[in-house]
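Engineer: Protein chains in written order, with numbering that gives the first Met the number 0: chain A, 0 to 439; chain B, 0 to 439.
Everything labelled a hint here was simulated from the structure, so no lab data went into it. None of the hints are false.
Copies of the same chain look alike in the list, so a pair counts if it works inside one copy or between any two.
Calculated lysine-lysine pairs in the BS3-like style (CA-CA distance at most 27 Å, straight line): (1) K270 with K236; (2) K1 with K121; (3) K270 with K171; (4) K180 with K236; (5) K254 with K19; (6) K270 with K254; (7) K171 with K229.
Model, not experiment: these values are computed from the prediction.
Number of protein chains: 2
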Amino acid sequence: MKPIQVGLLGIGTVGSGTFKVLQRNQEEIKRRAGRGIEITMVADLDTARAKAVVGDGVKVVDDARAVIANPDIDIVIELIGGYGIAKQLVLEAIAAGKHVVTANKALLAVHGTEIFAAAHAKGVMVAFEAAVAGGIPIIKALREGLTANSIQWIAGIINGTTNFILSEMRDKGLDFDTVLKEAQRLGYAEADPTFDIEGVDAAHKVTIMSAIAFGIPVQFDRAHVEGITKLAAQDIKYAEQLGYRIKLLGVTKRKANGIELRVHPSLVPSKRLLANVEGAMNAVVVNGDAVGTTLYYGKGAGSEPTASAVIADLVDIARLHTADAAHRVPHLAFHPDAMSDLKVLPMSEVVTSYYLRMRVADEAGVLAKVTGLLASAGISIDAVLQREADEVGGEGSTQTDLIILTHDTREGTLDEVLAQVQALPTVLAPIVRIRKEELS
Amino acid sequence: MKPIQVGLLGIGTVGSGTFKVLQRNQEEIKRRAGRGIEITMVADLDTARAKAVVGDGVKVVDDARAVIANPDIDIVIELIGGYGIAKQLVLEAIAAGKHVVTANKALLAVHGTEIFAAAHAKGVMVAFEAAVAGGIPIIKALREGLTANSIQWIAGIINGTTNFILSEMRDKGLDFDTVLKEAQRLGYAEADPTFDIEGVDAAHKVTIMSAIAFGIPVQFDRAHVEGITKLAAQDIKYAEQLGYRIKLLGVTKRKANGIELRVHPSLVPSKRLLANVEGAMNAVVVNGDAVGTTLYYGKGAGSEPTASAVIADLVDIARLHTADAAHRVPHLAFHPDAMSDLKVLPMSEVVTSYYLRMRVADEAGVLAKVTGLLASAGISIDAVLQREADEVGGEGSTQTDLIILTHDTREGTLDEVLAQVQALPTVLAPIVRIRKEELS
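Work out the full structure: start from the sequences and follow the hints.
Structural biologist: See below:
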């Protein structure tokens with residue numbers, strides 16, 4: 000059988016890795032796929048760089064549309080990134096009847112509905128294992144491996160840059176700015192790290208996982224997105240003393256009244272495997288009603304780990320494109336005419352537990368006053384950590400840190416009571432509030 | 000589209016779970032599969048028990064062949080177990096043109112070649128996600144998620160009973176026999192626990208994973224199988240002091256000269272996630288040349304976790320059976336005409352590192368003598384732990400435990416040198432030897 004011919008749009012880090020791994024393992028991949036898979040045409044604005052990677056045997060052009068127009072090309076890999084020209088080219092490739100493989104989480108989290116509808120109408124596959132958690136086959140696990148389950152929740156470390164920064168902050172007791180600079184020097188963070196450190200990248204990924212888990216459309220605009228830039232070293236230390244580590248989590252949960260969809264720093268019990276995922280590694284925990292808790296761990300970024308996912312998608316297409324389109328694995332796990340209308344909940348409706356740090360005057364009755372307000376709102380307390388008074392204020396008064404872990408509560412309820420607590424004259428600085436996920 | 004009709008052979012723990020989960024999640028499963036999936040006929044010798052589970056709407060018979068002969072049945076689930084009648088029935092179901100789903104690791108590890116050949120010839124699918132690591136979709140990850148990779152090695156905790164026993168031995172400092180009794184009382188170990196504690200169950204599972212990872216036929220008879228019954232509490236304690244935990248691992252590795260395939264207790268560095276998999280949980284680490292190290296964690300047994308895998312297979316078949324048979328995902332990941340002829344290596348050719356415990360006379364020169372013998376065989380030493388002398392032998396002499404961690408060495412070489420060490424008059428008891436996997 001003649002090889003599947005693949006056209007590659009954009010040959011940067013992941014594209015180069017894809018080309019190299021396909022070459023290196025071509026025999027083995029062919030034995031698995033049943034036929035050869037070859038990149039025969041590459042489009043990149045930097046044709047010199049592209050030629051340096053692929054050599055003379057592959058046609059290199061600077062016009063992506065020439066790849067899409069090539070009738071010999073069966074599959075187009077989009078590795079350009081972003082929502083702009085990438086979206087246009089993916090839609091054009093679909094219209095031309097090409098299967099598409101993409102690692103573009105931003106594109107799918109924002110425009111997935113339009114893209115998958117176009118692919119469905121045309122009867123082609125759009126595969127995107129590389130869009131979430133790099134080389135970890137988490138899309139396949141969610142979409143095919145756990146189909147028996149009513150999935151209850153997902154919580155993942157899905158951004159390596161921020162996990163590297165948080166690991167370093169904890170290990171070395173350094174603050175965020177210092178570690179960010181180190182991460183940039185080592186290549187773990189980009190020159191403009193905004194998408195990573197502000198949680199946007201993780202939110203793209205959890206948006207995609209949420210859609211696949213719960214059968215809802217991708218709704219990036221409804222995700223709550225909060226990064227790690229405001230995280231203080233002392234909160235990492237206090238969390239540790241209470242038996243927790245702080246991780247940037249993408250969380251999505253099925254509740255009776257809707258879907259939670261959120262990215263923010265979270266306390267995670269130190270004994271959980273997820274809390275022990277260090278450095279730039281990724282891991283996703285998935286809880287289903289039948290299977291219970293499962294975890295998937297690996298490299299979430301990098302040239303060859305991401306290429307591993309891109310190529311797995313190529314093999315999937317090579318193996319399965321002969322299935323009639325009505326029967327194939329649906330793009331978002333559920334058939335498009337059987338999506339759920341569960342709404343994404345606003346943050347005020349989210350129910351979780353919290354770590355609260357308050358700078359308070361070291362006076363009798365402060366703890367009673369604070370816990371009294373929480374109790375009056377029905378918020379019960381899991382643990383309290385009161386530090387020794389450590390600072391002399393004006394007129395000989397002393398101050399201290401009061402740390403409280405709450406049990407589950409509605410975030411809207413907490414917001415209201417924290418406004419009251421903040422207004423107490425004995426609360427001397429803005430209250431720090433970090434969500435906590437027990438993952439049990 | 001009319002529902003897929005499924006016949007179930009054997010409705011014990013996993014069969015009941017499969018029926019219940021299919022009923023409970025039928026709407027959601029249908030939305031994923033594109034059509035309903037219904038168990039419409041059950042065969043079990045205990046028809047009363049079967050009827051108690053499935054109620055009046057499902058036909059219950061005591062003759063499995065009546066299910067296979069039913070022309071309305073599309074898929075047969077085999078949950079009888081063992082190599083006997085189960086093998087015959089699976090072959091008959093295939094001959095009748097039914098797709099088969101089975102959780103029977105013993106059957107596939109021993110007779111997989113014959114069964115897959117029959118299925119291939121007939122153009123039907125034999126799916127077996129539930130055969131390895133229960134609810135963890137590890138077969139799918141290996142066969143489809145990591146197809147880009149030249150897989151280098153797999154190491155897994157794939158037997159919950161033994162992991163529960165080892166976790167308890169470590170936590171409570173108890174010996175094997177005591178913990179086994181507790182595990183039997185709690186239902187974590189069967190009345191006859193031989194298959195679990197002697198490593199046979201784990202060997203069935205790693206045999207299947209090895210075939211899928213490396214494209215070799217299943218060869219259970221070539222696997223090295225060693226259980227945990229001889230493990231002493233003191234070795235768990237010494238390992239801990241050296242920064243390791245002892246786990247029963249299924250290990251399979253690709254080497255230049257062949258494939259390693261073995262089950263035995265292993266030291267694992269405490270800092271690895273795999274070392275922190277506790278109780279009856281399972282986890283499998285897979286290393287591929289492109290993706291690096293990935294890990295898959297979850298419940299490896301139990302009614303609904305195993306049902307989760309059985310039903311995922313049903314959904315896979317519902318989704319993909321329309322693909323032409325030549326293109327479907329091959330049973331063992333590689334197309335049957337493209338298998339590797341790599342041989343399974345004898346244990347003497349295995350290369351790994353070792354924990355050695357020797358009871359030695361507390362005399363000057365013993366350590367020098369032992370390490371000298373190891374050095375002369377080219378075996379280098381990673382760490383030594385010498386205990387204080389703790390026992391008075393005859394005539395006022397004292398004894399001590401000498402623990403040595405070696406670097407990688409050929410097992411055959413170690414066997415030879417250990418025979419020399421054992422013959423030393425200052426080595427007072429049989430040397431304990433446990434393999435060590437760094438998993439790096």
